[in-house]
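Asks: Residue numbers (full-length UniProt numbering), protein chains in the order written: chain L, 1 to 201; chain A, 1 to 201.
Any given hint could turn out to be false.
[What the hints assert, rightly or not] Some chain L residues well away from chain A (every beta-carbon gap over 12 Å; in silico):
id : residue
1  : GLU59
2  : GLN63
3  : LEU65
4  : ALA91
[As the list claims (entries may be wrong)] Below 35 Å or equal to it, Euclidean Cα-Cα: the simulated DSBU-like pairs (lysine-lysine) are:
id : chain 1 : residue 1 : chain 2 : residue 2
5  : A       : LYS145    : A       : LYS192
6  : A       : LYS145    : L       : LYS116
7  : A       : LYS88     : L       : LYS88
8  : L       : LYS88     : A       : LYS116
9  : A       : LYS148    : A       : LYS88
10 : A       : LYS137    : L       : LYS192
11 : L       : LYS192    : A       : LYS145
12 : L       : LYS192    : A       : LYS116
13 : A       : LYS116    : A       : LYS148
14 : A       : LYS116    : L       : LYS116
15 : L       : LYS137    : A       : LYS88
16 : A       : LYS88     : A       : LYS145
No lab work stands behind these hints, which were simulated from the structure alone.
Model, not experiment: these values are computed from the prediction.
Yeah, the Cβ is synthetic: ideal placement off N, Cα and C, and Gly gets one too.
Protein chains: 2
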Amino acid sequence: MTDVSGISHLLETQVSSEDMVRGSFLHARRDIVSLPDGNHATREYVVHPGAVMVVPLLEIPGQDLRVVLERQYRYPVQRVMIEFPAGKLDAGESTAHCAQRELFEETGYRASEWSKAGVIHPVIAYSTEFIEVWFAKGLVAGERKLDKGEFLDVFTATANELIAWCLDGRVTDTKTVAAALWLQGYQAGTWKPVWSSSTAN
Amino acid sequence: MTDVSGISHLLETQVSSEDMVRGSFLHARRDIVSLPDGNHATREYVVHPGAVMVVPLLEIPGQDLRVVLERQYRYPVQRVMIEFPAGKLDAGESTAHCAQRELFEETGYRASEWSKAGVIHPVIAYSTEFIEVWFAKGLVAGERKLDKGEFLDVFTATANELIAWCLDGRVTDTKTVAAALWLQGYQAGTWKPVWSSSTAN
């Protein structure tokens, strides 16, 4: 156990930085860093614009809380994954706008109330990616507008089903498992969203 | 809402595959895939050997459940992160061995009992990475053996503190937030580990 005052004994500082590869999707950089002991090391990582994930709530009085989910084939892991709607930020786009856009494009739903739950970092060893997590309620169904080349199913499950699927291995997408912790807190009353209308964003 | 029978309407199949970049850490490939509608698309992704994460439990009768955590600077996200011990599989290494090795090397603890909680996929859009999640108990403290160039603090917190930190934004590492869902299930009795001795692995 280390007695820690401050974080200076952990910090790495940039010595140099260069592009490693620029693909049509993947952009990676290679930096030389100075370690806390003064030695140098290489850090290779993906540069990512950031993303949002939406937890869409279907609250019907007298019924169990339900959520809107997607089923989508994810090529790098070679399997169909159950996930919450999510997507990358467009250049210059606010996270609130991205959340509303991705929910509508992928599921057809528009939400009247939104609450930011937090930010998660999915790949801290080799990507700059962050995912801002939004809860949405007051859903109105419409016609979705998938991107060209995008194929996914939309379905609903109870919040308790989703949490059980995370624990028994049917859901393995880490961002969705993380969102289930907020969902559990929401149901238990230990995490309280602060709702605001979508027009406020 | 789509009525779905089977998953063939979602699958992508490989048409070709080539190395995109091979760094000292990062290895990426670029594949051409055939989409469900027959059109082609490009998939660029990181090739990763897989990893393990360990949730080390400190159970002292009459006291709140505690867990062992790390504080480590993560260069791609430019901040000190609170995380459970984790690390990549060595070539040919079993996940059980990797779990024991990483726990010992990073924290100095050896555990007498182990239980696999599940597998999570942290980066389904652009990495093959999986993380196998292990719970460990019966901890005995020893002297850790950090890799050269590795700098991290080890500390403990109660399970309830960790869960609160995930919900209030002090913990944003997604694998650690996901592990907190199992930890919550463990405390609530809704997820039950199946323990076996470390020598069995």
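Asks: Could you run down the list of hints and mark each one as holding or not?
Replies: Going through the hints against the structure:
1. GLU59: Fine: 17 Å to the nearest Cβ keeps GLU59 of chain L off the interface.
2. GLN63: 16 Å, holds
3. LEU65: It holds; LEU65 of chain L is separated from chain A by about 17 Å at its closest Cβ, greater than 12 Å.
4. ALA91: Holds, since 18 Å exceeds 12 Å.
5. A:LYS145 to A:LYS192: 31 Å, holds
6. A:LYS145 to L:LYS116: 40 Å, violated
7. A:LYS88 to L:LYS88: Between LYS88 of chain A and LYS88 of chain L the Cα gap is close to 27 Å, so the pair holds against 35 Å.
8. L:LYS88 to A:LYS116: It holds: about 32 Å lies between the C-alpha atoms, which stays within 35 Å.
9. A:LYS148 to A:LYS88: 15 Å, holds
10. A:LYS137 to L:LYS192: Satisfied, since the Cα-Cα distance of roughly 33 Å is no more than 35 Å.
11. L:LYS192 to A:LYS145: 42 Å, violated
12. L:LYS192 to A:LYS116: With Cα atoms ~32 Å apart, LYS192 of chain L and LYS116 of chain A stay inside 35 Å; holds.
13. A:LYS116 to A:LYS148: 29 Å, holds
14. A:LYS116 to L:LYS116: Measuring from Cα to Cα gives roughly 32 Å; hence the hint holds.
15. L:LYS137 to A:LYS88: Between LYS137 of chain L and LYS88 of chain A the Cα gap is close to 39 Å, so the pair fails against 35 Å, i.e. violated.
16. A:LYS88 to A:LYS145: 16 Å, holds
Going through the hint list in order, the structure does not satisfy hints 6, 11, 15.
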